[in-house]
Every structure is written in C-alpha cells, then in structure tokens.
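Novice: If you want the building blocks of each chain, they are given just below.
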Amino acid sequence: MRPPRVLLAKPGLDGHDRGIKVIAMALRDAGAEVVYLGLRRSVPEIVQAALQDDVDVIGISVLSGAHLSLVDDLLKACEAEGIRAPVVVGGTIPDGDVRALRDLGVAAVFSVGSGLHEVVDGVLALASPDRVGA
Amino acid sequence: MSDLLGARSDSGIPVREVYTEDDVGPGLAARLGAPGNPPFTRGPYPTMYRGRLWTMRQFAGFGSPEEANERFHFLRERGQTALSVAFDLPTQLGYDSSHPLARPEVGRVGVAIDTADDMVDLFAGLPLDRVSVNFTINATAPIILAMYLVAAERQGVSEGDLAGTLQNDILKEFLARKTFVFPPGPSIRLACDVIEFASGRLPRFNPISITGYHAREAGCDAIQELALTLASAIAYSQTLVDRGLDFDAFAPRLSFHFATTMDLFEEVAKLRAARRMWARIATDRFGAKDPNSARLRFFSGNAGTTLTAQQPLNNIVRSTIQCLGAVLGGAQSIHVMGFDEAFEIPSEEAVTLSLRTQQIVALESGVPRTVDPLGGSYYVEALTDELERRANELLGEIETLGGAVAALEQGVSQRWIAESAYRIEREIADGSRPRVGVNVYADPEGTSVELPELFEFDPSIVDRQVARTAERIGARDPRACAEATAAVEAAAREGTNVMPSLIEAVRAGATLQELSDVFRSVFGEFREPHPW
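In the order they appear, the protein sequences are chains F and B. Using my numbering, the first residue of the first sequence is number 11, and each one after it goes up by one. Using my numbering, the first residue of the second sequence is number 15, and each one after it goes up by one.
The hints are simulated quantities; they were obtained by calculation from the structure and are not laboratory data. Among the hints, erroneous ones may be present.
Selected chain B positions facing chain F (Cβ under 10 Å, derived; list incomplete) [unchecked claim]:
| # | residue |
| --- | --- |
| 1 | E231 |
| 2 | T320 |
| 3 | A323 |
| 4 | Q324 |
| 5 | L327 |
| 6 | E358 |
| 7 | A443 |
| 8 | R541 |
Partial pick of chain B residues on the chain F-facing surface, computed with a CB cut under 7 Å [to be verified]:
| # | residue |
| --- | --- |
| 9 | P118 |
| 10 | A232 |
| 11 | G233 |
| 12 | D386 |
| 13 | A432 |
Just a sample of chain F residues kept apart from chain B, beta carbon distances all over 10 Å, derived [said to hold, decoys possible]:
| # | residue |
| --- | --- |
| 14 | P13 |
| 15 | A76 |
| 16 | L80 |
| 17 | G123 |
| 18 | S138 |
Here the structure is a predicted model, which is why all the values come from computation and not from measurement. Where is the CB? At the ideal position from N, CA and C, for every residue including glycine.
Required output: the full structure, derived from the provided sequences and hints.
Specialist: Right, here's the structure in full:
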C-alpha cells in the first residue's frame with residue numbers, strides 16, 4: 011500500500027508560506043508523500059498536478075482574505091475534472107467563512123489557532139484509503 | 015526554576031542563573047561608546063527619547079484610497095505621529111484592480127493603488143510636508159515612489175520637505191515576504207535606482223528599510239535575523255559602490271527594520287548588537303568617514319506570529335512587552351500589533367489600543383527617561399556580545415556562499431528559516447515552548463471567545479475601484495502617456511536610472527500595471543525554485 015499522497019499549494023497572490031511549509035514538513039515526517047507546488051499557483055495548475063500525481067488530499071493555504079472565491083473556483087474545476095480527492099483549507103479564515111467553505115464542499119478548514127497535530131491528523135484521516143469510494 | 019522556562023534564550027543561547035562582571039569581557043567601554051557615538055551600541059542619538067520620542071507608526075490600509083484615508087485621519091486624531099501605508103497584493107505585485115488575478119485580492123490586505131490620482135486621494139487632507147509616511151512596498155517601489163512624488167507635487171509640497179521611508183528591500187521578499195516580481199538581479203538594480211535617485215533629491219526620506227522582520231516572522235531566530243539583515247545591507251551597499259557612488263553619499267539614509275518579539279532581554283540585546291555590527295561594517299568594510307553612515311536607525315514591528323487566536327486579550331499583554339523591548343532597544347519608530355490581528359485586519363478599537371499601548375509606555379512607564387537603561391547590565395551586555403559573535407559567524411557563512419544573493423539563490427537562507435519555523439511549531443505542539451492559552455492554561459474545550467466587533471471587508475469597493483481607474487484611463491492623453499511609458503522602457507533596457515522617466519509616466523496617467531508590464535517585458539518574471 012502506498013503512503014498517503016498530499017498536494018499542497020498556495021493559490022492567489024498571498025505569499026505567507028510559513029504555515030504551509032511547516033505542514034508540509036510535518037506531514038512528511040508523519041509518513042505522507044507531499045507534493046508542494048509553492049506560491050501563486052493558478053487553479054488549473056493545482057488541478058493538473060492533482061490529476062498527474064493522483065493525490066489523496068488537496069490542501070491550500072490563503073492568508074489574504076481571498077479564500078472564498080479561490081476555493082469556489084478550485085472546487086468547480088475539481089468537479090469538472092472528476093477529482094475525488096477532498097480539499098482542505100488553511101489560513102486566516104473568519105468563523106463565518108468556515109461555514110461558507112464547508113457549504114461549498116471543503117472537507118476541513120484549519121484556521122488560526124489550529125495545532126500542528128490537529129492539522130496533520132486531520133489531513134491524514136482524510137487521505138486514508140478507507141475513505142476511497144466512501 | 016520552572017521546567018517550562020528552560021535554560022536557553024529563544025535563539026538557543028545558554029543562559030546562566032545569574033550574571034556577574036566576569037561574564038562581560040574586557041573592553042566594554044570601547045564596545046559601547048557614548049550614546050550617539052560609534053559604535054552606537056547605546057543608541058543612534060546622544061539624548062535619545064529625552065530629545066524626541068519615537069515615532070508611533072501604526073501600519074494601516076485597506077479598501078480603496080478613500081477607506082484608507084479615513085483610517086489615516088482616524089489614527090491622526092488619536093495622536094499617531096506618522097503614517098504607514100499597507101498596500102493590497104495586486105499593488106504590491108504590479109496588477110491593476112481590474113486584472114483577473116487581482117480581483118479577489120483588491121483592497122484586502124492593504125489599499126489598492128492603480129494611478130497617481132489614487133495616491134492623491136490617499137493623502138487628501140494630510141499635509142505631506144508635515145506627516146512622515148512609511149510605504150510597505152518592494153517590487154513596485156519605484157512606481158509607488160513616483161506616484162507619491164506626484165501626489166506631493168499636487169499638494170504644492172517640495173521634494174526636500176518629504177520625510178518617510180520606502181521599504182524597497184527586495185532581497186527579503188525572496189527570503190520571506192514573497193512579493194517579488196522580477197528576478198533578483200534586475201530587482202536589486204531597481205532598488206538601487208531608487209536609493210541613488212533619493213540620495214540626490216530627497217534629503218529627509220529613507221529610500222530603503224533593510225529588514226530582518228519578515229524573515230523573523232517567517233520563522234528564523236534572532237541570530238539569523240541579524241545575519242540576514244546585515245548581509246542584505248552589504249549586498250545593496252556593494253551594488254551602489256560598484257556603480258561608482260560614494261558610500262557616504264547614500265549610507266546615511268539607509269534605514270533598518272527589525273522585529274521585537276517575546277524574549278525581552280534577548281531582543282534588546284539583538285537591537286544593540288545590530289547597531290554595533292552595522293557601525294563596524296560601515297567603517298571597516300566600506301570605509302565610512304561620515305559618522306551618519308555608521309549610525310543604524312530602525313523601525314520595529316511587534317511579531318504577529320506571537321499573537322494567538324485563543325484567549326485573544328492576552329495579545330494586549332504580549333504587545334506591551336514587545337513595545338517595551340523596542341523602546342529599551344532604542345527604536346526610532348514602532349508599530350504595535352492589534353490584539354485581534356490573528357483573525358483580521360485590526361478593528362478601530364484594536365488599533366486605538368495599540369496606539370494607547372505606545373502612549374502609555376511613552377508617558378507613564380518612565381522607561382524613555384534615560385538613554386539605554388539596560389546598558390551595563392551584566393546579562394544584557396553578555397547577551398549583546400554573544401549575539402554579535404554568533405551573528406558574525408553566520409554572516410561569515412553567508413559570505414562563504416557568495417553573499418546574500420547567492421545564499422538565497424541556493425535556497426540556503428530560505429531553508430534556515432523554514433527549519434527554524436518547523437522547530438518552533440514542534441516545540442509549541444509538544445509543550446516545550448509555552449504559549450499561554452494555547453498549550454498551557456488553555457481554556458476547557460468549547461469555551462467561546464468573546465471578541466469585540468471584528469473588521470469587516472466591504473466587497474463593493476472592488477467594482478468602484480475598477481470603474482474609477484477605467485475613468486481615469488479614459489481621461490488621459492493617450493499619446494503623451496504612451497510616449498512617457500516608452501521612455502521608461504528605454505531606461506529599463508539601457509540601464510539608466512528609471513526614476514525620472516517613471517515620474518513623467520505616472521504624471522501622464524500611466525497605471526501601476528502598465529509600468530510593471532514594461533518591467534516584466536524587459537526583465538522577465540521570477541518563479542520561485544521548487545522548495546524540495
């Protein structure tokens with residue numbers, strides 16, 4: 011059985027990458043394969059990488075406040091391409107927007123105050139093969 | 015001693031139970047100098063805050079120029095003594111508000127500026143000969159400075175009376191803050207065009223703020239912050255000297271920016287060490303003859319990364335300690351974080367409290383009454399010496415790699431920062447790095463947080479901003495604008511200073527994106543190498 015594979019990327023123009031790099035390192039130490047695309051990635055780039063690497067989870071991080079429209083675009087593109095991998099979002103996400111993101115179809119939101127273990131465990135749970143086809 | 019306190023400083027320096035004069039090496043008097051005298055360890059000015067308090071400069075900006083202008087007036091009415099402009103990401107990255115990449119980000123993390131007219135609106139009712147202004151702008155700094163000069167011109171203010179600071183430190187964008195656009199070589203050239211232009215024409219304006227703040231916020235420690243900042247300062251200075259400029263012609267206007275975080279004494283020692291290190295670099299390496307070239311002046315910002323979403327009122331206490339650290343370290347201007355900044359742009363209530371924090375430290379604590387009150391403390395002097403020693407060692411490593419630019423091109427500096435950030439996060443997770451309200455004295459599960467009303471973004475500003483810029487493009491003389499823009503392209507290609515032609519172009523109504531596109535076509539765009 012291959013290890014869980016997680017795609018991480020920063021969409022939009024936001025450059026705050028401390029958090030996503032920490033998560034990438036922590037997921038790797040927890041045994042996941044991490045594909046980190048880096049900064050300013052477009053939705054088509056993220057979708058293409060998700061298809062190419064057949065990832066189990068897509069994680070994006072936005073700290074600029076632009077999360078709602080970026081996530082909406084990403085989820086629509088994933089649906090159009092038949093991508094089943096759950097999408098998780100990290101960043102500075104106000105409480106009201108957490109609900110809005112969940113309603114759009116985001117599997118989990120890790121806002122400020124989320125602990126390292128909480129994020130890693132949450133992502134790995136979503137990536138576990140038990141979920142495939144569920 | 016509690017286990018949680020540990021026996022090492024935040025950057026890992028072993029700390030003794032007590033310090034005595036034996037811990038301070040011989041020759042202290044020479045390492046200190048009198049305040050206002052080389053090597054400036056005790057402060058850049060002889061009388062420090064007795065002569066003049068630090069500048070209280072809360073970073074602010076959001077929405078369109080009108081909203082930001084309103085916040086500036088709000089702060090001024092409450093006693094803020096200067097302004098500090100936050101720009102939105104499209105402005106920082108050279109896109110007008112109408113660009114598809116820009117739309118979701120317009121006005122979010124700062125104010126949207128597309129044209130010189132926007133800059134005029136931003137400072138409406140704020141006399142630019144009497145208000146010093148700080149601009150957090152880097153890749154597009156030359157264009158923003160040109161727009162600011164046109165705004166001043168429209169107010170009838172002469173260049174010589176403009177005081178303030180342009181961040182213009184592109185190297186740390188590659189390291190940490192990440193709003194780079196062009197590759198490192200042309201980016202440094204543009205930054206140095208600004209410094210060269212300003213050193214001749216803007217005697218009261220700092221054309222660069224060389225900063226370690228963002229690397230620190232991205233996760234590095236105090237020693238790395240010192241070494242990375244001074245390595246950048248060396249890189250810019252060497253570029254300007256290689257252009258044929260006299261070091262003393264530009265060095266007095268170089269300014270710096272450091273973080274002040276929670277380890278109070280280490281932070282104070284770091285700020286003292288920074289002054290001494292720069293004085294030695296300026297004198298020994300660049301042969302400064304003017305003492306002003308060796309006089310390090312800095313702005314200090316509190317660390318947003320120390321703020322917690324849990325028990326957010328605790329952030330007021332954290333900010334107070336950090337403000338105190340900046341004052342004990344001898345800052346020339348200070349920003350104090352809003353206690354709600356883990357969630358949003360600070361509310362009016364939070365930003366007022368930040369300003370009041372500075373005013374209480376200034377007027378009630380008595381701390382500013384004497385210069386460098388911690389000077390001579392066995393502990394602080396030993397820490398200052400040790401931080402300087404370790405930072406110099408690291409600076410030597412950077413030099414071995416080929417300097418600041420080579421180190422970042424090889425990804426070494428970025429790796430230091432990321433590894434340190436990961437270490438800190440693991441320490442928070444395992445409890446060895448205490449965060450009150452997070453991993454110690456946390457509220458029981460499910461306790462709800464009562465916050466005062468948070469800032470709310472008004473999405474209608476996007477369409478208004480796009481419409482206004484379209485109107486202004488329609489109103490300009492297209493031929494004059496095209497000619498002026500062509501002159502910028504010629505300067506960019508020929509390697510002459512871009513500033514004079516940029517000023518003409520923004521005066522003729524060229525937009526931020528049009529001019530950024532010129533630079534993109536000449537210089538290309540930088541794409542960060544894959545981190546792993």
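Novice: Given A232(B) as an interface hint, is the shortest Cβ-Cβ distance to chain F below 7 Å?
Specialist: holds, 5 Å
Novice: Do the numbers back the hint for A323(B), that is, is its least Cβ distance to chain F under 10 Å?
Specialist: Status holds, d = 3 Å.
Novice: The hint names A432(B) as touching chain F; please verify it with the least Cβ-Cβ distance against 7 Å.
Specialist: Holds: closest Cβ of chain F sits about 5 Å from A432(B), inside 7 Å.
Novice: With a cut-off of 10 Å on the beta carbons, see whether E358(B) makes it to chain F.
Specialist: holds, 7 Å
Novice: Does the nearest C-beta of chain F fall within a distance shorter than 10 Å of the C-beta of R541(B)?
Specialist: This hint holds: R541(B) lies near chain F, its Cβ roughly 8 Å from the closest one there, short of 10 Å.
Novice: Checking hints one by one. Is D386(B) an interface residue toward chain F, by the C-beta closer than 7 Å rule?
Specialist: violated, 33 Å
Novice: Checking a non-interface call: every C-beta of chain B should be farther than 10 Å from the C-beta of G123(F). Is that right?
Specialist: Given that some Cβ of chain B is not farther than 10 Å from that of G123(F), nearest at about 3 Å, it is violated.
Novice: Would the hint on Q324(B) be counted as holding, given a Cβ-Cβ threshold of 10 Å to chain F?
Specialist: Hint on Q324(B): holds, closest Cβ of chain F at ~5 Å, below 10 Å.
Novice: Does E231(B) pass the interface hint, meaning its C-beta sits closer than 10 Å to a C-beta of chain F?
Specialist: holds, 7 Å
Novice: Under 7 Å, Cβ to Cβ, is where G233(B) needs to be relative to chain F, so tell me if that hint holds or is violated.
Specialist: Where the cut-off is 7 Å and the nearest Cβ of chain F is about 5 Å from G233(B), the hint holds.
Novice: Can you verify the interface hint for L327(B): is its Cβ closer than 10 Å to any Cβ in chain F?
Specialist: violated, 14 Å
Novice: Per the stated criterion, does the least C-beta distance between A76(F) and chain B lie above 10 Å, as a non-interface residue requires?
Specialist: A76(F) not clear of chain B: closest Cβ-Cβ about 4 Å, inside 10 Å.
Violated hints, listed in ascending order, are 2, 5, 12, 15, 16, 17; each of the other numbered hints is respected by the structure.
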